[in-house]
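Student: Listed below are the residues making up each chain.
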Amino acid sequence: MSRTERLGFPAAAREALADTQLRRNIGKATQTIRAKRAAVVEELDDWEELREAGRAIKERTLRHLPAYLEQLEASVTAAGGRVHWARDGAEANAIVAGIAEAHDSREIIKVKSLASDEIKFNEAMAARGISAWETDLAELIIQLGDDEQSHILVPAIHRNRAEIRELFQRTLAAEGEQVTDEPAALAELARKHLRRKFLSVPVGVSGANFCVAETGTICVVESEGNGRMCTTLPRVLVTIAGIEKVLPTWGDLEVFLALLPRSSTGERMNPYTSLWSGVTEGDGPEEFHLVLLDNGRSDVLADDFARQTLNCIRCSACLNVCPVYERTGGHAYESVYPGPIGAILTPQLVGLDEAGTLPYASSLCGACYEVCPVKIDIPSVLVHLRGKVVAKKREKRLDPEVAALKTAAFAFSTRGRYERAQKLSRGQKVLGRGRGSVPPPLSAWTGARDLPEVPTQTFREWWRGRANGHGGG
Amino acid sequence: MRISLFITCFNDTLFPRTGQATVELLERLGHEVTFPEEQTCCGQMHFNTGYSDEAAALVRRFVRVFADEEIIVCPSGSCAGMVRDAYPRVAEQAGDDQLANEVAALGSRVFELSELLVDKLEVEDVGAYYPHRVTYHPTCHSLRLLRVGDKPLRLLRAVRGIDLVELEESRECCGFGGTFAVKNPDVSTAMLADKIRHVLDTRAEVCSAADNSCLMHIGGGLARLRTGTRTVHLAEILAATE
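Protein chains in written order, with the working numbering: chain A, 1 to 473; chain B, 1 to 242.
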């Protein structure tokens with residue numbers, strides 16, 4: 001499943017579209033979550049005000065990010081925890097591996113964490129001889145299947161029950177045990193496997209949904225309770241958090257605990273909300289580490305307009321309403337961050353040379369912006385990033401797209417040129433009917449769609465004829 | 001009322017009938033229509049594809065051409081959306097304060113056709129007659145940039161003889177998206193396939209919208225499949241009489 005070279009979105013999407021089982025799985029799942037979200041958002045009269053509050057808090061925090069991060073560090077330290085700063089994934093992975101090794105542990109249990117997926121944590125641990133076990137059920141499915149996650153919230157959304165039964169039969173079932181596809185039976189099998197890990201592994205690793213600067217409190221929300229076990233049973237707990245996860249106060253947290261579950265799972269409240277500040281003697285882990293991860297986020301922050309990308313609270317509402325995601329699924333985005341948010345975040349984290357096709361992986365329909373709980377104007381950020389892609393193209397001597405759009409801009413620059421171009425388009429009959437009879441990029445159009453014939457008279461010709469008393473209607 | 005027509009380059013060249021219908025409709029309602037012939041393109045394609053320098057030049061041109069026009073109508077949701085939603089950002093990117101002021105003043109004078117009729121001219125029954133089974137695709141930019149809501153449907157419901165049928169999943173994008181349709185043709189046509197399925201489910205003779213770009217995409221798919229279902233711009237239905 002892992003690829004070293006990126007295909008780019010159009011080619012990866014083409015592969016995904018050919019998988020009809022995938023399209024059925026994703027379409028069914030996203031439509032279900034979409035309806036649930038709409039129903040619980042409808043209940044709140046002040047939803048728009050909540051969104052605006054979420055946006056305002058995030059943007060204010062990002063404007064003063066260094067100060068809040070230092071406050072967070074001081075609070076965590078005062079509460080008995082230790083803060084580590086990681087410029088990139090390699091530094092973060094080395095810090096966590098060092099902590100595990102200091103406790104002579106060759107195993108780590110993990111609560112679902114996108115930041116750790118972003119920095120390929122599991123692979124880095126494996127390279128140092130440490131096994132990192134996923135404890136979130138969907139992440140476990142991904143790990144056991146040597147698969148890749150395809151959704152922020154529901155990483156195994158592309159798998160159905162029958163496929164999971166087959167996987168568990170192969171990987172978790174005891175010899176001679178027959179697994180059914182009953183959800184309860186599948187969950188029980190995973191539970192047995194996970195309980196053994198929870199009770200024996202001394203180091204737990206979590207992500208963070210929010211970090212409250214005033215008290216040094218980490219907040220993780222989840223549905224299964226496995227995260228709660230991961231953060232309370234091991235002797236040592238390490239949290240890896242992107243630097244944008246900080247919130248100034250508990251009052252700010254309140255807004256997000258209202259926005260997040262409704263936007264993500266379509267629930268009024270999520271089943272498990274775990275909050276801890278440093279360490280407490282006789283209760284939970286004896287040692288707590290917070291790894292603050294940059295990994296490109298400072299560069300995102302430096303872009304005044306695209307900075308709003310860091311408002312994201314990883315709810316995945318944008319994925320669930322996206323007509324592109326609904327048809328391609330997450331793998332086509334070739335990133336742990338798929339869908340509309342991935343299309344703006346990934347290119348900023350890994351660079352446009354790597355992910356330059358992603359800003360174009362959208363019809364700019366605006367459904368994502370409409371549901372975003374922190375009002376990230378994803379379509380506008382996509383267009384902003386397209387501008388950066390084009391700036392790179394302009395450096396090349398002969399790019400056909402640049403040439404075509406420059407020519408068009410020239411034609412539109414005066415009325416005379418424009419009217420001559422109109423006449424030309426009619427004479428050439430480039431837009432004739434028939435399949436495959438036109439050159440690229442028009443052939444991309446005629447693959448599935450006919451082109452209209454160019455009318456013999458433009459509107460303005462009709463208008464002039466009418467003004468002169470003939471040629472009307 | 002004196003109303004200035006912003007036809008859009010796309011309609012001017014490929015769908016002149018929409019412009020003619022807009023003129024006929026507004027004149028029938030007793031208004032004077034003018035057409036500033038210096039107009040070319042609003043810059044939407046350049047802007048949305050990432051060519052903001054070229055777009056900025058076209059924005060400046062547009063502002064100049066329509067400087068003295070008090071009420072401007074545009075029979076395209078996405079081009080009207082460009083002027084209202086994106087022009088301020090183009091001015092901001094260009095760091096041009098004067099342009100920013102000009103586009104701010106311009107935005108409130110530009111109306112998509114259904115907005116002009118329902119909000120400005122306060123008319124829903126335009127006296128049209130169209131004895132056909134019609135379904136309406138609301139288009140993303142009309143819905144989400146301009147927020148026209150159900151204005152087009154209110155206009156259509158008042159048309160005599162019409163058999164207006166609801167389109168399932170109507171708010172879903174048809175998959176056009178400008179250059180998206182050629183940069184990501186496979187995803188674009190997968191989206192189109194679902195839109196066409198919903199259109200055909202209505203058994204409508206005509207699929208209408210307030211944007212010929214979406215209609216060219218939907219109509220291109222309908223024609224390729226030889227479905228017999230046509231695409232007709234909202235203006236043309238509203239202009240039709242007995």
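Treat the hints as calculated values from the structure; they're not laboratory data. It cannot be assumed that every hint is accurate.
[To be verified] Covered by chain B, per the in silico footprint, the following chain A stretches (three or more residues, Cβ under 8 Å):
no., stretch
1, 285 to 299
2, 321 to 335
[Claimed, not checked] Simulated pairs of lysine-lysine, DSS-like, Cα-Cα distance not exceeding 27 Å:
no., chain 1, residue 1, chain 2, residue 2
3, A, 393, B, 120
4, B, 120, A, 396
5, A, 406, B, 120
6, A, 36, A, 388
7, B, 183, A, 392
8, B, 120, A, 388
For every residue, glycine included, the Cβ atom is placed at its ideal position computed from N, Cα and C.
Student: Each of the hints needs a verdict: does it hold here or not?
Tutor: Evaluation of the provided hints:
1. Check on the stretch 285 to 299 of chain A: 0 of its residues sit with their Cβ under 8 Å from a Cβ of chain B, so the three-residue criterion for coverage is violated.
2. Check on the stretch 321 to 335 of chain A: 4 of its residues sit with their Cβ under 8 Å from a Cβ of chain B, so the three-residue criterion for coverage holds.
3. Between residue 393 of chain A and residue 120 of chain B the CA atoms are separated by roughly 44 Å; this puts the pair beyond 27 Å, and the hint is violated.
4. The straight-line distance between the Cα atoms of residue 120 of chain B and residue 396 of chain A is roughly 48 Å, outside the 27 Å bound, and the hint therefore fails.
5. Between residue 406 of chain A and residue 120 of chain B, the direct Cα distance comes to roughly 37 Å. Violation of the 27 Å bound is thereby established for this hinted pair.
6. A C-alpha spacing of about 37 Å is found between residue 36 of chain A and residue 388 of chain A, which places the hinted pair above 27 Å, so the restraint is violated.
7. As the CA atoms of residue 183 of chain B and residue 392 of chain A are separated by approximately 17 Å, the hinted pair is consistent with the 27 Å bound.
8. Annotation: proposed proximity of residue 120 of chain B to residue 388 of chain A is violated, straight-line Cα distance about 39 Å (limit 27 Å).
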